[in-house]
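**Student:** Position chain B relative to chain A; hints supplied.
Each chain is listed here by its residues.
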Amino acid sequence: MTKQRTARRNSAVNPDFSPAAAPADEQSRIALDESARTPTVVYFATAVVWLVVGSVFGLLTGLKFSLPDLLGTIPALTFGRIRPAHLNTIMYGWASLAGCGMIVWLTTRLCKVQLQLGWFHYVSALLWNLGVLGGTIAVLAGYSQGLEWLEFPRIFGAMIAAGFLLFAASVVQTFRVRQVEHLYVSLWYILASLLWFPLLYVVANLGLYQGVVEAAMNWWFGHNALAVWFTPIGLAGAYYFIPKVLGRPIYSYYLGLLGFWAFALFYNWNGIHHLVGGPVPTWLVTVSIVASVMMVVPVLAVAVNHHLTTVGHFRMLRFSPTLRFVVFGSMSYTAVSFQGSLESIRSFQEVAHFTHYTIGHAHLGVYGFLSMILFGAMYYIMPRLARWEWPYPSLIKAHFWTTAIGIALYVVTMSIGGWIQGLQMNDAAIPFIDVVQNTKLWLWGRSIGGTLMLIGHLIFAYQFFSIIKRAGPRRFAPALFREPAPIEAVRIEERAAKAG
Amino acid sequence: MATKPKSPHQEQPKTAPPADEGRFRDDTDVAVDAIHQRIVGREQTEPEEGFEPPPVWVWAASVVLLFVMGFYLGRYSGSWSTVAHEVESPAAAAAGPVKRTVNGTVVFTGVCQTCHQADGNGVAGQYPPLAGSEWVTRDAATPIRIVLYGLEGPITVKQTAFNNKMTPFHDKLTDDEIAAVVTHIRSSWRNSASAVTAEEVADLRAKYGVRGSWSAAELSAERSAR
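Chains A and B are the protein sequences, given in the same order. The first sequence maps to residues 61 to 560 in the working numbering. The second sequence maps to residues 25 to 250 in the working numbering.
Hint data in this document are derived by calculation from the structure and do not stem from the laboratory. Careful: at least some of the hints might be erroneous.
Among the chain B residues that face chain A by a calculated CB cut under 10 Å, a handful are [said to hold, decoys possible]: (1) Gln68; (2) Glu73; (3) Ala85; (4) Leu89; (5) Met93; (6) Thr106; (7) His109.
Stretches of chain B that chain A covers, calculated by requiring three or more beta carbons in the stretch to come under 8 Å of a beta carbon on chain A [stated by the list, open to error]: (8) 75–84; (9) 96–102.
Note that this is a predicted model, so its numbers are computed, not measured. Positions of the beta carbon are idealized from the N, C-alpha and C atoms, including for glycine.
Just chain A, with the same shape it has in the complex:
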């Protein structure tokens, strides 16, 4: 679309539009933040509560593998109920609500216009939180749809869907009155997800299918929840915060295009690779494997783009919490995506599928990638909305190391333990109970990793609610991991760098 046409259309929607007067200065930033403040803080705050609740569920679920009798007499806290409660509170409570908050703020910044229809978000946040709360209670009480990630009874699914539509309406309206001509990459992902996810979620919740087709639908949904909602959130965040913190342009527009369109083309076919060996037509699985492996293209494009943006500036990871969390997430995205392409292949899956390996992979994606980027985004956004610096920089450091070490320990132990488990299950000479016994040590690794993450979340929640209340020591400088060297030292470093 040419610039003229864009300008004309924007003028039609918004008579005040004038590219020359498009605000870029601090005053307008303050006004933008003001408009997005309450919705974003409400989404973030409720997300943090769900994060803590969801990680308690998760840790209990993990501990049951090592201590099978733990809370086994309470029906609501048995494995079959607490595991879906963990999944759904994390996905719909934590990740989705935090993502909504980030999208609202990012959209005002990237469209350079104040948030439109802001009050929609109060209704949306209410509906969404009631949906997650009701759904979680229902699942714990034993009322479940029995489909992965769709466990919430439909009434609560409907509340979440309605909340999403209100949220999307406001973001799209903000986009329509935008004061920019060029759309930055993050906006592509955000807008695409707003179109894709409601369709996916509503169709999956209608319950139109039975039998094998239902299994295919379930995996189509399960993988696409990542493809069309969670991954776009994470990538929008990474595409925004890396260049934003570094103050450099993202390396290549063309890589951005390749990454986005290959992502849009290939990712939504991926889910059926979970049915390798299942009673579905061979070609259906093959097509899914082909698409899964082709995901290497968009992932490579994003990874190269982010790497070449950051290269030469990795020193800044020592200082900026946002950058460190986001780069950690971005690297996890590359790792988890290549791992996913590999896992889709039949001969690999013969060992790894239906073992703890897959659980490790899932956590690398949703935690190592998505959650770490959301943490980074919150560390950047919250001081601007609360107009208060993070009071305890040392707690940010503690948060980073507990969660980074926690997830690393989790993924490494689950991958090794899961792979051994897979090899032994394929050996008919080894009794099943021996295979189970041999996973015990690795499962403790998971529980320790999960405990570290929960500790990190409690630290984060404490600091988060401190900044909302403007509690804690009043600080005047940004909260960094460490104080930068004196200015002379920096200059010397720069001179040295220039000299080669």
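**Tutor:** What follows is chain B alone, placed relative to chain A:
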């Protein structure tokens, strides 16, 4: 290619501190601010895209991958059949055809339970009990004979007289099924007699061919003749 991006190191103005921060800022603060701006930027401009050409190897890898996966798609398309995928593992093929096992409980529930009841006690005056029945537990051949050809007329079971007709099953159940169900009734409800094999059933079936129902007297004679 295309427009060159602005210098990434362009200095950006720092966001003004909120007005309520009436704090005296000395030179140290200014210096620290300058460092912050230089290092992480208190707030940089909104990000934009550069227009560097993507590395050639990214394109090359993408095209190679496209060809490889195109081949894979054709090779493993399963002829685009709509029939569900069948796994043929070499190990299973080497082991020969799968030997299906019959579950005696299932046969009993489907065939016998209507008359002899789930607890094996039958119905008083109508259908004799199997639980604790000497006809079931004494020797293996008698219950096989009864299941094969049925039983008609008066019979005394556990000191109680019955007079009814039991259906023959020689044309309805296979050797495997009869062996399974006879083993089941001989080992359920505190019965603890030995298991029977499909071969024993096949032998008796071959011995008698096609014949009518037994009477209690005939069964006793067959047992003594052995």
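**Student:** Does each hint hold? Answer for all of them.
**Tutor:** Here is what the structure says about each hint:
1. Gln68: holds, 4 Å
2. Glu73: holds, 4 Å
3. Ala85: For Ala85(B), the interface hint holds, since the closest Cβ of chain A sits about 6 Å away, which is under 10 Å.
4. Leu89: Nearest chain A Cβ about 6 Å off; hint holds.
5. Met93: It holds, given that the least Cβ distance between Met93(B) and chain A is near 5 Å, below 10 Å.
6. Thr106: Because about 5 Å separates Thr106(B) from the closest Cβ in chain A, which is inside the 10 Å limit, the hint holds.
7. His109: Holds, because the Cβ-Cβ distance from His109(B) to chain A comes to roughly 4 Å (cut-off 10 Å).
8. 75–84: holds (count 6)
9. 96–102: Our answer is that it holds, as 5 residues pass the Cβ test (under 8 Å) against chain A, meeting three.
Going through the hint list in order, the structure satisfies each hint without exception.
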